[in-house]
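Sequences listed follow chains A and B, in order.
For the first sequence, the working numbering gives the first residue as 1, with consecutive numbering after it.
For the second sequence, the working numbering gives the first residue as 1, with consecutive numbering after it.
If you're looking for bench data, these hints aren't it; they were derived computationally from the structure.
Among the hints, erroneous ones may be present.
Unchecked claim - Restricting the straight-line Cα-Cα distance to at most 35 Å, the calculated cross-link-like pairs of lysine-lysine (DSBU-like) are:
{"id": "1", "chain 1": "B", "residue 1": "K69", "chain 2": "A", "residue 2": "K404"}
{"id": "2", "chain 1": "A", "residue 1": "K126", "chain 2": "A", "residue 2": "K101"}
{"id": "3", "chain 1": "A", "residue 1": "K112", "chain 2": "B", "residue 2": "K150"}
{"id": "4", "chain 1": "B", "residue 1": "K77", "chain 2": "A", "residue 2": "K406"}
{"id": "5", "chain 1": "B", "residue 1": "K77", "chain 2": "A", "residue 2": "K404"}
{"id": "6", "chain 1": "A", "residue 1": "K336", "chain 2": "B", "residue 2": "K150"}
{"id": "7", "chain 1": "A", "residue 1": "K327", "chain 2": "B", "residue 2": "K150"}
{"id": "8", "chain 1": "A", "residue 1": "K287", "chain 2": "A", "residue 2": "K404"}
{"id": "9", "chain 1": "B", "residue 1": "K150", "chain 2": "A", "residue 2": "K126"}
{"id": "10", "chain 1": "A", "residue 1": "K309", "chain 2": "B", "residue 2": "K150"}
{"id": "11", "chain 1": "B", "residue 1": "K150", "chain 2": "A", "residue 2": "K404"}
{"id": "12", "chain 1": "A", "residue 1": "K327", "chain 2": "B", "residue 2": "K69"}
{"id": "13", "chain 1": "A", "residue 1": "K100", "chain 2": "A", "residue 2": "K327"}
{"id": "14", "chain 1": "A", "residue 1": "K287", "chain 2": "A", "residue 2": "K121"}
{"id": "15", "chain 1": "B", "residue 1": "K77", "chain 2": "A", "residue 2": "K309"}
{"id": "16", "chain 1": "A", "residue 1": "K309", "chain 2": "A", "residue 2": "K287"}
{"id": "17", "chain 1": "B", "residue 1": "K150", "chain 2": "A", "residue 2": "K121"}
Please read these numbers as outputs of a predicted model, since none were measured by experiment.
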Amino acid sequence: MSKSNVTRRGVLRTGAVAGAGLAVPTIFTASSASAFTNEPTGSSVTLGFNVPQTGPYADEGADELRAYELAVEHLNGGGDGGMLNTFSSKALQGNGIMGKKVEYVTGDTQTKSDAARASAKSMIEKDGAIMITGGSSSGVAVAVQALCQEAGVIFMAGLTHSNDTTGKDKRANGFRHFFNSYMSGAALAPVLANAYGTDRKAYHLTADYNWGYTTEEAVRSSTEAMGWETVGTVLTPLTQTDFSSYIAPVLQSDADVLVLNHYGGNMVNSLTNAVQFGLRDRMVNGKNFEIVVPLYSRLMAKGAGANVKGIFGSTNWHWSLQDEGSKAFVQSFGTKYGFPPSQAAHTCYVQALLYADAVERAGSFNPCAVVEALEGFEFDGMGNGPTLYRAEDHQCFKDVLVVKGKENPSSEFDLLEIVEVTPVEQVTYAPDHPQFAGGALGTCNAGA
Amino acid sequence: MDAIILQILNGLDKGSAYALIALGLTLIFGTLGVVNFAHGALFMIGAFCAVTLSRILTLSHEVIDETRKDFLGNPLKVDVPYVYDWFGQETGDVIIDWAVPLSILFAIPIMIGIGVIMERGLIRHFYKRPHADQILVTFGLAIVLQEIIKYFYGANPIPTPAPDAFVGSFDFGAAVGMEAGQIIYPYWRLVYFAFAAVVIGAVFAFLQFTTFGMVVRAGMADRETVGLLGINIDKRFTIMFGLAAAVAGLAGVMYTPINSPNYHMGMDFLVLSFVVVVVGGMGSLPGAVLAGFLLGILESFASMREVIDLIPGINQVIIYLVAIIILLTRPRGLMGRKGVMEE
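Here chain B stands alone, though its shape is the one from the complex (with noise of 0.2 Å):
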């Protein structure tokens, strides 16, 4: 029972992150019908944004320790970062100790603007092309991202720890009335599934209780429509793809606690999030966070030792094969509408 409950948990906080990249892919298919393998790039890219307010906010100017001495024998060169001589240190201290939270006020604008060059720039000339070559342009434009972050910021994971009030865990069991320290759950992911919900719910919200939601919903089922009544849909839908950035990188630079960010992490989530679109219903974005949370769950399950035991190799195949049988039964997908993506 303690092992169900807590992949359910580990589900959540893994469905967490591929409902909302898949939110953002749903929604730009649903909006501009392009099919985005940039995303995942947009989801590395918020998690390096995180990074790089952590090394704007170290930012140090280097003092000479005579008492004590570097790797060469030479006196030992300390950085002392700006914040420390702004704000004193323990000020300073907890500036950078904020780093990642703060990271989202960072993000936003840089997400939405690197959105709507993306789609102004690049992707609005692929409109009225087949789908294999959206692809294909996205694709090579994933691997031109990742290259420029790594050129910047080499190979290598770049730890980027959550605040110290949310390091450690949470005992699930002791606080339920089982017995403790069996139902363990790190508060940051506790964090990451809650602000998950948040953001899903506000764009949720925004789609469906503003003026500028219920134009692009009606873009979405009608774009033809929208705009003989008038409307500049395409502008709209600019932002959208704008916000869908933003969405992908808000779930970038909360991951970083998580597993420290490097430049392919955009790629290990991109084709587990296209799965979740497909197997959610191509262009539904309830469909999409319904998918994304079943099949975080299901892969935590496969990896148990007694599934893997039973069924070998499970763990690595089972979003896959969920998506054949759920696709076979259902080919529209969990909720998919009829018309999208058929000709």
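One chain only, chain A, in its complex shape (with noise of 0.2 Å):
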């Protein structure tokens, strides 16, 4: 008769032992795996909306808002399901984020780079943020996709148009939908080769900022390629608001054309002065006098009233395009709010929607993972054609608008007419052309 040695107690220590020992591995591999910035671990998801709320851009960060609340709207199943529909990826079910609820936070940029930093960090740490998004402005883009890249978080910025953001300050962590410079200049020269002819002799009044450096280079090169002579460039302080000292230089020089390298404040205010002075009505060179604003923005066109009309610019996205994505999206934003979305909300709408998308995509919310899956991506229905995320800088690349200011207005949205669409291949650039030179993308950053 044997005698087991098997006892209860033994069983339940050897077993616990075994247990634990099996476990250990799984634990660290566990925790190495979900080890990111604010793995959100509950059934909700948290994003930061990073917009201007307050500061001279306070009506476009407005829009943002609406934009983003539209798309967590879309995201969790409400609504009519705008771009979700229309979206090529088929990922997203309107169950929020991988079956977790979206929920966000806000944060005043207030279009300055410290305070934008400030509420990004906060809506990080304290709201446990999980991505940022938004902005109106490229200074602010800049400050806070090199936060994000510190801190673990995905950006997606808003409107930022430098080439920088994309070209010497990018960042793996950060990705623009957004079109550039560059691509404004591209699109812009041949549309107005055409309309103005090759002979044209430009005079470029530049914002003395970072954007204004490389709208104002771009713009000169494609349009220098172009035939066009550049024979006076001149730096204008920010704050400036009364432009007609810079503008009547421009009446003793023998230049036909004037580009104005502003946005914003700035741009209606020296498109004014400009069209006061009568710029418009000259003749110079035996040709019409031309004025030209390579980045136009409706609602500060709608600042300049009467003086946008017939004057080209470029934009990245217009509510009355005609594909499914743009109509869907006007459809719900304007249902919902009563008028038809900006390119600011546009793009801020999209860029959560790809967000989401890469999340579910990559089946996890560990930036390094939802930076491989927007890396190279290609996608369609979002308005502006067949789109892809450019690996090597994070940068999108699709059709652009170049735009004019309506004759004939028929409400106070509709100020400006599509001219022509300019296809991607034309504002496609290598990633170390030289306007986009110097710095590196690096490695992604999960955090802690």
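Since each chain comes alone in its own frame, lean on the hints to assemble the complex.
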């Protein structure tokens, strides 16, 4: 008769030790796999919308926020679904992101880099935001993008047009859907040459900050390649309100085109002043004098009133586009808010959806997995035709719109008309193009 | 030569705005001894009086136009201003077109009212406090006022054009027998300059030739003695505060066609206007006007390409540079009097 040494207590002890032994590596593996900033553990996930709620771009910020709220509604299965119905990727089901309900917090960038960083930091550290998005200035975008890289969260840029955001200041954790200065120049130059001829003398007034420099450089090089000559460039202080003393010298020069590398309030005032000084009624070198505004915004065009009529510029998107994605977005936004969305609202809405989709496709909120899902991602149905999120610089490549101030607007929103949809091939450049030189994407940071 | 004439003209209209704001600032400082940092906000509120009146004049009711569609494909709702119903479309258009000049009449009582309420309600409690306290409270008030305006009107600039009769520009060169098309100057800026000259003249005449003005001037020179003569100088000073507010407000009303007004336009002018007051001499009304025009013209010249090429960045610092030079050589400013702001 054999005697068994197996006792109840022995089995329990052995089992516990073996179980713990087996579990240890799993705990370590699990913790190392999920060790990223603000990993959502509950039934919801928090996004951080960092937009200008005060300061000169507050109206643009308000439109961005409306778009984000609409995106959250659609992601959580509310409303009519908007672009979820037209988006080529079908990963999003209207049940939040990976089954987690989408919630959000907002911050006020004030269109100041330090304030924007502080609000982003607070949303990441206090509110547990897993992704930061929004903004209406390149200075802010570059600053917040760098912060997100350090913090280990994804940054989906809002309205930022400077080449540097995906040029010398690009970061692995940052992505830009909006177009850039180079693309504006490349899209505008052929249209300008076609409308005004190739024998033109241009005078540039440029806002004295990062965006102004890159825009002037882009428009200059594109128009000079078409045969135009640049006869003068003057930097104007960002705080300038009356541009008359800068416009007067244009009358004395032999320039026949004035390029206003200004945005926001600067653009409204410089364009208004230029028209007041009769520049548009002038004949120089036997040609009509012309004005060009490289970056248009409908919200700003409204401020310039009738002065925008007939003036060329470029824009990322316009509500009058007739593709299915744009129509769906305009329908949702217009029904909810009673007026058509701005280009800032469009880019922000799309960025929120693209992030959510990338998480679904990656199967993880881990920023590095999201980066991988977004890099080289090709999609359609979001309003600008087939689009590529290029892996090398995290810039979206898509068609660019050349627009003109409308002669007979039918409403206060109907200020711009689309002159040409410039195909993506014409605005694509090599990742190492001189206008984007310097800086490196680096590697993604998932944080702690 | 053309460039110089053009920049002088440019400087005149910019100088007009500086002079009008600085005049009001000096009136308040000279009478009440208060450094009013909310004065730029009064300029801004004046501009928004013009915006408000043009909105009142374009108050509309909706008419559905079945033949046209809005952006969502629904029948278009067309806004028809009530003035069309009352006066017919032609007269209605003229009234709406002249909104900015009409705003002068609209703004005067409003600005005087705001000025008196501001003085009685808040600023009089700070007469005996140090200047630093006055600056803090009026600066805070300026921020509150601009946030209120932003709440109701938004942050974007609002176009408020001049009447059609004044749109366009005047060929100054051709008029004086020089080459045509070289010295162009917008009509409305000429109007602004003429308006500023009339307002400044009226303020000086009021102070110089009326009994009220004489008492106020006496009060500015020696408040206590005037008080001892049994004159209620405080009441007159309150009225002067209202008047200064009206001057700033009118400067704002007429400025709206030059640059579309927004909520922070007052701050843009405030700092420069203070420099103007200091350069002109604290408490000196002619000094404020003189310095306003002088700095306006200098700022215009500094923005010329030739000057910027020679001294980069001069356009951004010229006013402060001139202020330093004048204060070093004439510490009381151009026309400052002994004993003002000096303990």
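Broken hints, numbered, in rising order? Violated: hint 14 alone.
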